[in-house]
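Please take these sequences and the hints and turn them into a complete structure.
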Amino acid sequence: MVEVDPARFEAMVGEALDGLPPELGRLMRNVAIVVEHDPGPPDLLGLYRGIPLTERTSQYSGALPDQITIYHQAICSICGTEAEVVEEVRRTVIHEVGHHFGIDDDRLHELGW
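Each residue of the sequence shown is one higher than the one before, starting from 4 at the first, in this note's numbering.
Hints may be right or wrong, so weigh each one.
[Unchecked claim] Cβ-Cβ distance ranges computed for the label pairs, FRET-style:
1) Y63 x A86: 17 to 27 Å
2) D41 x E18: 18 to 28 Å
3) D107 x L23: 24 to 34 Å
4) E85 x L111: 21 to 31 Å
5) L114 x D46: 16 to 26 Å
6) E90 x D46: 14 to 24 Å
7) P68 x E26: 33 to 43 Å
8) L67 x G105: 13 to 23 Å
What the hints contain is simulated information worked out from the structure, not anything from laboratory work. In this text, a Cβ means the ideal position worked out from N, Cα and C, and glycines have one as well.
Now the structure itself:
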């Protein structure tokens, strides 16, 4: 396990988001990205809660924001260096953003995420 300062971890999440292709970033509407510093659910590095873009209908208006949560302690617990944390944060952010775009776990794993 590696220790990463909460502010540094949040910066890593921001950097991972900034690394997304701009065209994807423009499509991410009504979604909040949250970093949870306390222990999260067992076996989860990140979690998407919401209605994927592929399932939204005209009835979607007025909905609360979707939420992507990135679990600080869970990611740090499986990494041995800060460089590994940076890579795992990136992978987790991309994985959860994929869910926002309607890509399921099986397909994400096929794609290497």
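Checked hints:
1. Y63 x A86: 17 to 27 Å: Between Y63 and A86, where Cβ atoms are some 39 Å apart, the hint is violated.
2. D41 x E18: 18 to 28 Å: At roughly 22 Å between Cβ atoms, E18 and D41 fall inside 18 to 28 Å, so the hint holds.
3. D107 x L23: 24 to 34 Å: Because 19 Å falls outside the window, the suggested range is violated.
4. E85 x L111: 21 to 31 Å: Holds: the Cβ-Cβ distance is about 25 Å, inside 21 to 31 Å.
5. L114 x D46: 16 to 26 Å: 21 Å, holds
6. E90 x D46: 14 to 24 Å: 19 Å, holds
7. P68 x E26: 33 to 43 Å: 21 Å, violated
8. L67 x G105: 13 to 23 Å: Once the Cβ atoms are compared, 18 Å apart, the range 13 to 23 Å for G105 and L67 holds.
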